[in-house]
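Now for the letters of each chain:
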Amino acid sequence: MADLEIDLGFLKLKNPVIAASGTFGYGLEFEPYLALDKLGGFVVKGLYFDPREGNPPPRLVETPSGLINAIGLQGVGVRAFSEKVLPRLRGYGTAVIVNVCGADDDEYVSVVEFLEKQDGIAAYELNISCPNVKQDGACPALSPEPTFKLIRRIKAAARRPVITKLSPNVTNIVEIAQAAEEAGTDGISLVNTFLAMAVDIETRRPRLANVFGGLSGPAIRPIALRMVYQVASRARVPVIGMGGIMTGGDAVEFLMAGAAAVEVGTANFVDPDACVRIIREIDDWCGAHAVDRIRNIIGTLRTPREA
Amino acid sequence: MAIDRSARVLTALSWGDYHLLGIETAALGRTARPGQFVMVKVSPAPFPLLRRPLSVHDAGPSGIELFFKVTGVGMDILARKRPGDTVDLLGPLGKGFTVTAELRGKRACLVGGGRGIAPLYFLGRELKVAGAQVTVLYGGRTIQDLPLRGKFETAGLPLLCATDDGSFGFKGLVTESLERFLEREPADVLFACGPDPMMRTVSEHAGRRRIPCEFSLESMMGCGIGACWGCVHRIRDEGGDGWVKICEEGPVFRRDRIMWTE
Numbered sequence: 004m005a006d007l008e009i010d011l012g013f014l015k016l017k018n019p020v021i022a023a024s025g026t027f028g029y030g031l032e033f034e035p036y037l038a039l040d041k042l043g044g045f046v047v048k049g050l051y052f053d054p055r056e057g058n059p060p061p062r063l064v065e066t067p068s069g070l071i072n073a074i075g076l077q078g079v080g081v082r083a084f085s086e087k088v089l090p091r092l093r094g095y096g097t098a099v100i101v102n103v104c105g106a107d108d109d110e111y112v113s114v115v116e117f118l119e120k121q122d123g124i125a126a127y128e129l130n131i132s133c134p135n136v137k138q139d140g141a142c143p144a145l146s147p148e149p150t151f152k153l154i155r156r157i158k159a160a161a162r163r164p165v166i167t168k169l170s171p172n173v174t175n176i177v178e179i180a181q182a183a184e185e186a187g188t189d190g191i192s193l194v195n196t197f198l199a200m201a202v203d204i205e206t207r208r209p210r211l212a213n214v215f216g217g218l219s220g221p222a223i224r225p226i227a228l229r230m231v232y233q234v235a236s237r238a239r240v241p242v243i244g245m246g247g248i249m250t251g252g253d254a255v256e257f258l259m260a261g262a263a264a265v266e267v268g269t270a271n272f273v274d275p276d277a278c279v280r281i282i283r284e285i286d287d288w289c290g291a292h293a294v295d296r297i298r299n300i301i302g303t304l305r306t307p308r309e310a
Numbered sequence: 009m010a011i012d013r014s015a016r017v018l019t020a021l022s023w024g025d026y027h028l029l030g031i032e033t034a035a036l037g038r039t040a041r042p043g044q045f046v047m048v049k050v051s052p053a054p055f056p057l058l059r060r061p062l063s064v065h066d067a068g069p070s071g072i073e074l075f076f077k078v079t080g081v082g083m084d085i086l087a088r089k090r091p092g093d094t095v096d097l098l099g100p101l102g103k104g105f106t107v108t109a110e111l112r113g114k115r116a117c118l119v120g121g122g123r124g125i126a127p128l129y130f131l132g133r134e135l136k137v138a139g140a141q142v143t144v145l146y147g148g149r150t151i152q153d154l155p156l157r158g159k160f161e162t163a164g165l166p167l168l169c170a171t172d173d174g175s176f177g178f179k180g181l182v183t184e185s186l187e188r189f190l191e192r193e194p195a196d197v198l199f200a201c202g203p204d205p206m207m208r209t210v211s212e213h214a215g216r217r218r219i220p221c222e223f224s225l226e227s228m229m230g231c232g233i234g235a236c237w238g239c240v241h242r243i244r245d246e247g248g249d250g251w252v253k254i255c256e257e258g259p260v261f262r263r264d265r266i267m268w269t270e
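Chains as they are written, first to last, in our numbering: chain E, 4 to 310; chain W, 9 to 270.
FYI, nobody ran anything at the bench for these hints, they're computed from the structure.
The reader is advised that the hints may include incorrect statements.
[Stated by the list, open to error] Short derived list, chain W residues pointing at chain E, Cβ under 8 angstroms: (1) V240; (2) G247; (3) W251.
Only a predicted model underlies this, so the values are computations on that prediction, with no experimental measurement involved.
Built from N, CA and C at the ideal position, the CB exists for glycine as well.
Please model the complete structure; the sequences and the hints are all you need to start from.
So this is what it looks like as structure tokens:
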């Protein structure tokens with residue numbers, strides 16, 4: 004058994020595997036399938052201040068090795084979450100990270116202010132990158148200024164560490180990451196889903212009621228990996244990488260590319276115990292490669308440039 | 009619920025695009041109830057990526073049966089399974105039909121269209137065990153869409169078939185056949201599963217005649233366990249209405265809770 008512990012500086016994880024927001028419900032849905040305390044952590048489904056209705060169906064369409072979703076962040080709101088869900092998550096001995104949403108900057112701040120009064124939260128993941136809630140996938144993470152401004156306000160309101168989740172739907176991901184860093188984010192997670200669509204050629208209609216959705220799954224992994232590498236190569240804060248990770252080997256790719264931890268998303272849909280399997284596979288990989296400590300492989304990619 | 013990663017296929021029957029698999033899986037078979045579903049992983053490769061939801065066609069202590077129609081690449085892979093092959097099953101999931109002792113002596117009418125017949129076999133058997141008088145209405149476009157007709161009869165479940173082209177049984181829609189049936193023999197309870205337009209019409213008949221009714225809804229599902237929020241339907245509750253997860257609160261809903269949108 005290798006030492007899988009990861010220290011993000013602001014948060015210690017027992018292993019590098021975190022279940023990604025929007026794919027893990029509020030955590031409790033997965034209790035029948037895995038022991039939550041085996042995870043490095045999990046990020047609960049994105050929370051707005053009030054309950055949110057979400058988009059009409061169809062909300063999902065499967066594409067080659069991928070899934071396009073346009074759920075529209077349906078959820079119970081921060082109050083119901085704090086009263087009904089959070090008390091049941093305490094005492095699991097794993098990092099509970101809350102994904103924070105808002106229709107505008109004020110709402111993000113309200114959500115954080117409300118959560119600051121609750122116990123049992125390890126960190127916030129600032130969801131500035133959901134492509135499914137505004138026209139044409141608009142969100143703060145598409146340009147540096149709104150990203151900077153929002154994180155500044157959140158950092159002023161939050162005692163707890165803030166991880167900013169970036170969108171891949173940008174020309175220059177590094178520029179956005181730098182804006183997040185300058186605004187004081189404690190960590191960066193990427194990528195959220197890629198803005199995408201699919202067409203039903205029989206009905207000549209889009210397959211999603213929302214027309215656009217976010218593409219996830221193995222189909223996006225190589226692009227996500229490239230973006231994580233670009234950001235991690237320059238970032239001063241820890242980077243959490245994600246995008247189509249299905250196996251321990253996939254996770255190791257992201258770690259080598261510079262991610263200090265990974266999030267696992269769509270894989271949870273296919274196998275509700277995927278995170279635990281991936282942790283085991285990372286451990287197996289360490290065993291097979293004489294790696295004592297997983298942290299020693301972070302950012303160890305050997306590139307021709309550096310050789 | 010359980011995950012059985014290597015449930016063994018024991019029997020495989022085919023009728024054109026329709027297929028019936030008998031699968032050995034005590035873990036799922038023991039606890040499955042009529043109207044519940046399983047999520048089937050058809051391939052270990054990342055394509056097709058997601059599990060497919062299929063309602064439990066029949067279940068017993070040693071396993072389950074799945075009845076399905078090939079509608080795409082996922083079901084096509086499943087249709088190629090042969091005895092001895094294994095499948096990866098997650099289930100049983102969701103909330104099924106209401107089968108209680110109160111149905112003893114009651115007249116239950118089951119309406120299935122096409123592959124929507126799948127959950128009604130298990131339901132019919134269990135209703136019979138509960139002492140209900142069961143009649144099954146089974147509809148399809150042609151006789152080719154009614155491959156299970158012999159199976160229902162063998163199980164002692166009275167069957168009325170309807171085909172659009174009249175190639176077998178009543179010529180017309182299964183809902184027209186239902187209307188005639190209800191004129192002759194009032195039913196105490198209705199259960200239905202099939203295409204949306206069929207279920208809507210069944211709902212209208214049930215409403216007009218004030219017959220309690222349950223529907224099994226179908227949806228594309230991301231996970232089947234309530235995590236993705238992808239399979240919602242408009243459902244009424246005491247507090248109003250909203251998008252409710254079919255996998256978690258359904259797939260079976262009482263008629264008065266379902267709002268037919270579009």
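Against the structure, the hints come out as follows:
1. V240: Where the cut-off is 8 angstroms and the nearest Cβ of chain E is about 5 angstroms from V240/W, the hint holds.
2. G247: violated (11 angstroms)
3. W251: holds (6 angstroms)
Figure legend: structure checked against the earlier numbered hints; the only hint not met is number 2.
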